[in-house]
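Undergrad: Put together the whole structure using the sequences plus the hints.
Note that numbering that gives the first Met the number 0 has the sequence shown beginning at 0, numbered continuously upward.
In case anyone wonders, no lab produced these hints; they're calculated from the structure.
Treat the hints with caution; some may be incorrect.
Under the rule of at most 20 Å between Cα atoms (straight-line distance), these lysine to aspartate or glutamate pairs were calculated in the DMTMM-like manner [what the hints assert, rightly or not]:
| no. | residue 1 | residue 2 |
| --- | --- | --- |
| 1 | Lys77 | Glu107 |
| 2 | Lys4 | Glu90 |
| 3 | Lys5 | Asp45 |
| 4 | Lys99 | Glu85 |
| 5 | Lys24 | Asp60 |
| 6 | Lys99 | Asp28 |
| 7 | Lys99 | Asp45 |
| 8 | Lys4 | Asp45 |
| 9 | Lys77 | Glu103 |
| 10 | Lys77 | Glu90 |
| 11 | Lys24 | Glu66 |
From a predicted model like this one, the values you see are computed outputs, not experimental measurements.
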Amino acid sequence: MTLPKKGSRHITVGGTSYRWRVRHKPTYDQGLGWSPMTFGVQLATDPGSVLVVTLPHHRLDNWLYLEGVSVRPALVAKCITVALSEGWAPEHPGSAHQLKVTQEQIVEWAVPVVNPLYL
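TA: Here it is as structure tokens:
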């Protein structure tokens with residue numbers, strides 16, 4: 000499985016170049032706040048395994064104006080670092096590596112939680 004190049008963003012962590020992407024529109028479940036925010040990461044060239052990150056908050060574009068998080072490059076870089084320490088090998092083909100970020104990690108990493116009503 001690879002990420003579409005259209006709409007993906009580049010990031011370099013530890014001298015390695017990656018591409019990451021958040022789905023353009025929320026799924027039905029994400030729109031209603033039933034499922035959390037997710038994004039994918041893979042190597043920029045010769046991708047192997049994909050990293051799928053699940054955050055403990057909603058998308059900012061959910062339909063019920065629930066609190067959410069904005070995925071920023073600093074958060075993506077931290078998730079890549081954590082996944083690599085857990086054994087994710089992005090250069091080897093295989094199944095996706097799942098990284099589930101906890102609320103405690105969000106607080107520790109100082110990720111701002113936003114209420115879309117106040118944007």
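Undergrad: Hint by hint, note whether the structure agrees.
TA: Results for each hint:
Between lysine 77 and glutamate 107 the alpha-carbon distance is near 11 Å, which keeps this suggested pair within the 20 Å criterion. The straight-line distance between the Cα atoms of lysine 4 and glutamate 90 is roughly 17 Å, inside the 20 Å bound, and the hint therefore holds. A threshold of 20 Å between alpha carbons decides the hint, and for lysine 5 with aspartate 45 the separation of about 16 Å falls inside it, so the pair holds. For the given pair, lysine 99 sits about 12 Å from glutamate 85 by alpha-carbon distance, which is consistent with the 20 Å threshold.
The hinted pair formed by lysine 24 and aspartate 60 meets the criterion: a straight-line CA distance of about 8 Å does not exceed 20 Å. Pair hint lysine 99 plus aspartate 28 holds up; C-alpha atoms about 18 Å apart against a cutoff of 20 Å. Between the alpha carbons of lysine 99 and aspartate 45 the distance comes to roughly 25 Å, so the proposed pair goes past 20 Å and is violated. With a C-alpha separation of about 13 Å, the suggested pairing of lysine 4 with aspartate 45 holds against the 20 Å cut-off.
At most 20 Å may separate the alpha-carbon atoms for a hinted pair to count; lysine 77 and glutamate 103 meet this at roughly 14 Å. In summary, the hint linking lysine 77 to glutamate 90 is supported, as the alpha carbons are separated by about 19 Å, within the 20 Å threshold. With a C-alpha separation of about 17 Å, the suggested pair lysine 24 and glutamate 66 falls inside the 20 Å cut-off, and the hint holds.
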